[in-house]
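Under the UniProt record's numbering, the first residue of the sequence shown is numbered 1, with each subsequent residue one higher.
Misleading hints may appear alongside valid ones.
Claimed, not checked - The calculated BS3-like cross-link candidates involving lysine-lysine, where the alpha carbons are at most 30 Å apart (straight line), are:
no.	residue 1	residue 2
1	Lys-69	Lys-106
2	Lys-155	Lys-145
3	Lys-106	Lys-145
Don't read these hints as lab results, they were simulated from the structure.
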Amino acid sequence: MAPMVVALILGWRLVAASRAQQLPRPSLSLHPSQGVSLANNVTLRCHLPRLAAWVWLYQERGWSYNKGKEKEQNAAEFSFVSTQREHAGRYRCQYRVSWSVGASEKSDPVELVLTDHSYSPPSISIHPEQCVEMGTNITIRCWNKDYGAAFLLHKDGSSDPLQRQDPSGGGAANFTLLVVTPADSGTYRCSYRPRGYPFVSSPLGDSVMLEVTTTAAPLGGSEPPHLHAPHHGWVAVSLHPVCMGVVAGNRDTQTPGPHRCRGAVPGQSGDGTGEGLCGCTRLWPRSLLCHRCPQPLDTER
Numbered sequence: 001m002a003p004m005v006v007a008l009i010l011g012w013r014l015v016a017a018s019r020a021q022q023l024p025r026p027s028l029s030l031h032p033s034q035g036v037s038l039a040n041n042v043t044l045r046c047h048l049p050r051l052a053a054w055v056w057l058y059q060e061r062g063w064s065y066n067k068g069k070e071k072e073q074n075a076a077e078f079s080f081v082s083t084q085r086e087h088a089g090r091y092r093c094q095y096r097v098s099w100s101v102g103a104s105e106k107s108d109p110v111e112l113v114l115t116d117h118s119y120s121p122p123s124i125s126i127h128p129e130q131c132v133e134m135g136t137n138i139t140i141r142c143w144n145k146d147y148g149a150a151f152l153l154h155k156d157g158s159s160d161p162l163q164r165q166d167p168s169g170g171g172a173a174n175f176t177l178l179v180v181t182p183a184d185s186g187t188y189r190c191s192y193r194p195r196g197y198p199f200v201s202s203p204l205g206d207s208v209m210l211e212v213t214t215t216a217a218p219l220g221g222s223e224p225p226h227l228h229a230p231h232h233g234w235v236a237v238s239l240h241p242v243c244m245g246v247v248a249g250n251r252d253t254q255t256p257g258p259h260r261c262r263g264a265v266p267g268q269s270g271d272g273t274g275e276g277l278c279g280c281t282r283l284w285p286r287s288l289l290c291h292r293c294p295q296p297l298d299t300e301r
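Using the sequences and the hints, build the whole thing.
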């Protein structure tokens, strides 16, 4: 081939590659985004930042699909009807504006995970208990038959698993939540992925609920808890942290507010009834410690 022709071809390829690098990357989404079971229908939608002539959908280590596009459209959809195991996997998409310009970069990946209900859901337990003080370390244990499975820990309200543990034998996994805070309160569940099927999941198992409370003041402390009581009197404070809030005018409700504390003296237990208006936590257990409210009592109220 003549040197001039070779130079022209190389120059054209360099120009095409340069233009392709300038094309914005597409994005890929899954519909529905989660909870897809075997035999369900699912759509992968490639969102195009500019008009395109061709769009490709790639399955990692699997099939590739392409689709011609009408130029006025800004997305391409690839639908799987009655999904099978071979459809599960990691996908990316890519587009081309014209044949004279190279293809764009591939999108970030999305994972199509299919739930196989032929697998039994895993069991779950929580230690030391479901109701703990802030700062405690929690262990959530998941187990099932030993499928050589990878276990995943889920929290209701979060789209992605919180933690994953690869197979270690024995059909069980321990997940640790370190130094928990009230933000860790919630409902937790487990699932697992059988060996050899990284994008096939068991159904979610039963749930456990974690409640994290702030720590009550130590009994020997010099400063009482700061409950914003409007009057001078006794403030009733639970001796133990509780998984409830506090409530107005009623020791068994759950909102801050005035409460009467009778039959109690500073540093001793009381029954949560009595003289003086003050703030009081919900009594669980019903043993109280009373402290004086910081403001003078208005006897007219």
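Going through the hints against the structure:
A threshold of 30 Å between alpha carbons decides the hint, and for Lys-69 with Lys-106 the separation of about 17 Å falls inside it, so the pair holds. For the suggested pair Lys-155 and Lys-145, the alpha carbons sit about 22 Å apart, so the restraint of at most 30 Å is met. Restraint check: the Cα-Cα separation between Lys-106 and Lys-145 comes to about 39 Å, which exceeds 30 Å; the hinted pair is violated.
Checked against the numbered hints above, the structure violates only hint 3.
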